[in-house]
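All chains, please: the whole structure from these sequences, using the hints.
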Amino acid sequence: MGRYLAIFLTFARACLVRDMTFRANFILECLTSLGWMSMNLAFYLLVFTYTSEIGKGTGWSKEPFFAFVATGLIINSVVQAFFMPSAEELTEMVRTGGLDAVLVQPLDAQFLLSMHRVDFSSLANGAVGVGLLAWALGRMDHAPPAVAWLLYPLLVLCGVAILYGLVIMLAAATILMGRNQSLYDFWFYLTNFSRYPAEIYSGPWGGPLRMICTFVIPILLVVNVPARVIAQPFTGESWIGVVAAVVAAIASLVVSRIVFQRALARYRSASS
Amino acid sequence: MSDALLAARPAGPLQGLRTWWTMLKICLEERLVYRGDFVLGTLMRFLPIVTQVFLWTAVFGATSRGDIAGYTRNDIVAYYLLTMLTRAFSSMPGLAGGIARSVRDGSVKKFLIQPVDYVSFLLAARVAHKLVYYAVATIPFALVFFLCRSYFPPIPDATTIAAFLLSLALSFLLGFFMEATLGMLGFWFMEVSSIVFGYMLVQYLLSGHMFPIDLLRTVPTGLSGVSLADVVHWLPFEYTAYFSSAIWLGKVQGAALVNALLIEAGWVVVMAVACRVAWWRGTRRYSAFGG
Numbered sequence: 001m002g003r004y005l006a007i008f009l010t011f012a013r014a015c016l017v018r019d020m021t022f023r024a025n026f027i028l029e030c031l032t033s034l035g036w037m038s039m040n041l042a043f044y045l046l047v048f049t050y051t052s053e054i055g056k057g058t059g060w061s062k063e064p065f066f067a068f069v070a071t072g073l074i075i076n077s078v079v080q081a082f083f084m085p086s087a088e089e090l091t092e093m094v095r096t097g098g099l100d101a102v103l104v105q106p107l108d109a110q111f112l113l114s115m116h117r118v119d120f121s122s123l124a125n126g127a128v129g130v131g132l133l134a135w136a137l138g139r140m141d142h143a144p145p146a147v148a149w150l151l152y153p154l155l156v157l158c159g160v161a162i163l164y165g166l167v168i169m170l171a172a173a174t175i176l177m178g179r180n181q182s183l184y185d186f187w188f189y190l191t192n193f194s195r196y197p198a199e200i201y202s203g204p205w206g207g208p209l210r211m212i213c214t215f216v217i218p219i220l221l222v223v224n225v226p227a228r229v230i231a232q233p234f235t236g237e238s239w240i241g242v243v244a245a246v247v248a249a250i251a252s253l254v255v256s257r258i259v260f261q262r263a264l265a266r267y268r269s270a271s272s
Numbered sequence: 273m274s275d276a277l278l279a280a281r282p283a284g285p286l287q288g289l290r291t292w293w294t295m296l297k298i299c300l301e302e303r304l305v306y307r308g309d310f311v312l313g314t315l316m317r318f319l320p321i322v323t324q325v326f327l328w329t330a331v332f333g334a335t336s337r338g339d340i341a342g343y344t345r346n347d348i349v350a351y352y353l354l355t356m357l358t359r360a361f362s363s364m365p366g367l368a369g370g371i372a373r374s375v376r377d378g379s380v381k382k383f384l385i386q387p388v389d390y391v392s393f394l395l396a397a398r399v400a401h402k403l404v405y406y407a408v409a410t411i412p413f414a415l416v417f418f419l420c421r422s423y424f425p426p427i428p429d430a431t432t433i434a435a436f437l438l439s440l441a442l443s444f445l446l447g448f449f450m451e452a453t454l455g456m457l458g459f460w461f462m463e464v465s466s467i468v469f470g471y472m473l474v475q476y477l478l479s480g481h482m483f484p485i486d487l488l489r490t491v492p493t494g495l496s497g498v499s500l501a502d503v504v505h506w507l508p509f510e511y512t513a514y515f516s517s518a519i520w521l522g523k524v525q526g527a528a529l530v531n532a533l534l535i536e537a538g539w540v541v542v543m544a545v546a547c548r549v550a551w552w553r554g555t556r557r558y559s560a561f562g563g
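In order, the protein sequences belong to chains A and B. Reading the first sequence from the start, the letters are residues 1 to 272 in this note's numbering. Reading the second sequence from the start, the letters are residues 273 to 563 in this note's numbering.
You may find that some hints are simply not true.
A short, non-exhaustive set of chain B residues, derived as facing chain A with CB atoms under 10 Å [what the hints assert, rightly or not]: (1) 299; (2) 322; (3) 328; (4) 335; (5) 472; (6) 482; (7) 487; (8) 490.
Here are a few chain B residues that face chain A, going by a calculated C-beta distance under 8 Å [claimed, not checked]: (9) 316; (10) 320; (11) 323; (12) 330; (13) 337; (14) 340; (15) 506; (16) 507.
Note that these hints are calculated values from the structure, not bench results. All C-beta atoms, glycine included, are put in the ideal place defined by N, C-alpha and C.
Here it is, written out as structure tokens:
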């Protein structure tokens with residue numbers, strides 16, 4: 001474990017050195033990333049000029065909703081910074097045979113393929129997310145209880161773990177398909193479901209969709225559970241979400257590991 | 273590069289047509305090599321609309337207003353569905369980045385010595401991409417539109433449909449030339465990914481892809497009587513998503529429709545000229561070495 005941590009820190013240091021070598025590009029990437037986030041926030045502000053809450057009686061009024069958005073920003077920035085850059089590279093590695101060089105290394109292939117590149121500019125959104133969370137919580141009627149503060153970091157980690165599992169399974173799909181240029185798009189579209197409170201998925205179509213996105217692909221647990229714990233009154237029912245998020249996180253990690261190993265077993269080299 | 277090489281072009285219209293057909297065939301075959309990736313990419317474009325439908329349903333459920341900026345809940349759902357259709361014409365994934373990459377890695381130089389026009393080749397490739405995309409997407413599109421037919425107003429008259437189809441064709445050309453021009457900046461900047469990302473942000477916001485531009489009518493610009501929507505109307509972006517959808521929904525009619533179609537056509541000409549000028553000036557400052 002210590003060896004893997006040391007190697008990861010070496011990767012991270014190398015990526016940081018690379019980013020700092022091209023500082024202007026790094027700053028530009030941070031700015032564009034912040035631009036995208038600001039645009040979404042502006043959209044939500046526009047929506048709240050027409051309504052007082054997202055869904056009648058859901059409790060997702062302006063401040064709680066922005067706490068929800070902030071939680072999503074924090075979780076996604078961690079995934080975007082530490083896992084997505086490596087997963088994106090995998091697409092071309094499979095097609096060109098570059099994956100062979102990874103497989104012969106005396107290290108776990110999943111570790112190497114999912115964590116060898118770090119995009120520090122993505123953490124800018126996370127930093128803004130923390131600020132937005134502080135702003136939203138400071139303006140809410142009720143302060144989160146101590147148990148919510150204790151659970152929140154754990155649930156954020158669970159959210160990251162669920163998304164990591166999804167990234168790994170998409171990477172496995174890349175290996176099986178030979179090429180998956182749509183990996184990043186698919187990731188974007190899939191995580192789109194987690195960007196809004198689960199309550200919006202209601203009715204004859206919304207109900208089943210909510211069930212699928214909670215129990216089959218637990219994407220709705222990623223942001224909803226930590227955001228609900230911190231931004232909504234903490235009740236006995238909140239524990240159900242907490243347990244579900246922890247179980248889903250463990251299941252995502254285990255299932256994705258199995259799927260990835262099986263995909264690797266079916267990999268055929270493309271190089272000479 | 274010598275002017276003789278740069279000036280090399282197909283002789284006669286028949287030869288030109290044959291070259292174009294060959295380019296189209298090559299691009300079609302290339303698109304169909306990785307079919308799984310292509311089908312996946314096509315189908316998942318339907319996913320974002322789902323969250324938008326539920327989001328706006330929740331917004332309308334929580335407000336007592338019958339409409340928002342002139343859009344009922346059904347209008348909003350129909351708008352997003354139509355926007356998907358428009359974006360299927362105007363979006364050019366990978367075009368700008370591909371051009372910049374070909375400049376950076378030197379593969380563009382073959383177009384300087386072969387009797388093939390680069391911009392025409394790119395256009396043929398994009399037509400091929402779209403043809404394959406429509407072939408794959410027609411059934412899912414038809415299915416989704418059929419399932420959601422209750423959200424749509426009655427089918428408009430023939431003139432409106434003709435204007436809608438014309439706007440779609442123009443949006444394809446506008447999207448192509450805008451992105452191609454952006455890619456040509458690779459002759460000056462080498463790496464354009466940040467510029468492309470910045471463009472995508474502006475495009476997503478101002479094209480009406482994110483929400484109907486009519487929502488910006490309440491956003492002031494500081495100029496008396498001029499809203500942000502009025503400013504956006506004169507920019508090219510809304511013609512790549514909002515405009516066609518608004519035509520079908522009857523939000524733009526009569527003289528305003530003709531006026532907007534002329535603005536769109538004007539932007540197509542401006543961007544086509546800009547693309548040609550960028551290619552012409554870029555290739556004159558370009559230098560490449562080795563095989």
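We went through each hint and held it up to the structure:
1. For residue 299(B), the interface hint is violated, since its Cβ never comes within 10 Å of a Cβ in chain A; the closest pair sits about 16 Å apart.
2. Taking 10 Å as the C-beta cut-off, the interface hint given for residue 322(B) holds, the closest approach to chain A being about 7 Å.
3. Contact between residue 328(B) and chain A, as hinted, is supported at the beta carbon level, the nearest pair being about 9 Å apart and thus within 10 Å.
4. The restraint placing residue 335(B) at the interface with chain A holds, with a minimum CB-CB distance near 4 Å, inside the 10 Å limit.
5. Because the closest C-beta pair between residue 472(B) and chain A is about 9 Å apart, less than 10 Å, the hint holds.
6. Given hint, residue 482(B) at the interface with chain A, holds; its Cβ is 6 Å from that chain's nearest Cβ, closer than 10 Å.
7. The closest approach between the C-beta of residue 487(B) and any C-beta of chain A is roughly 6 Å, which is under the 10 Å cut-off, so the hint is satisfied.
8. For residue 490(B), the interface hint holds, the least distance from its beta-carbon to any beta-carbon of chain A being 7 Å, beneath 10 Å.
9. Annotation: interface hint on residue 316(B) holds; nearest CB of chain A at approximately 5 Å, less than 8 Å.
10. Hint status for residue 320(B) relative to chain A: holds, with the closest Cβ pair at about 5 Å, below 8 Å.
11. Satisfaction of the interface hint for residue 323(B) is found here, the shortest Cβ-Cβ separation to chain A being roughly 5 Å, below the 8 Å cut-off.
12. For residue 330(B), the interface hint holds, the least distance from its beta-carbon to any beta-carbon of chain A being 4 Å, beneath 8 Å.
13. Satisfaction of the interface hint for residue 337(B) is found here, the shortest Cβ-Cβ separation to chain A being roughly 7 Å, below the 8 Å cut-off.
14. Interface hint status for residue 340(B): upheld, as the beta-carbon distance to the closest one in chain A is roughly 5 Å, under 8 Å.
15. Among the interface hints, the one on residue 506(B) is violated; its C-beta lies about 21 Å from the nearest C-beta in chain A, farther than the 8 Å criterion.
16. Checking residue 507(B) against chain A: minimum C-beta separation of about 16 Å lies over 8 Å; hint violated.
In this structure, the earlier hints numbered 1, 15 and 16 are contradicted, and the remaining ones agree with it.
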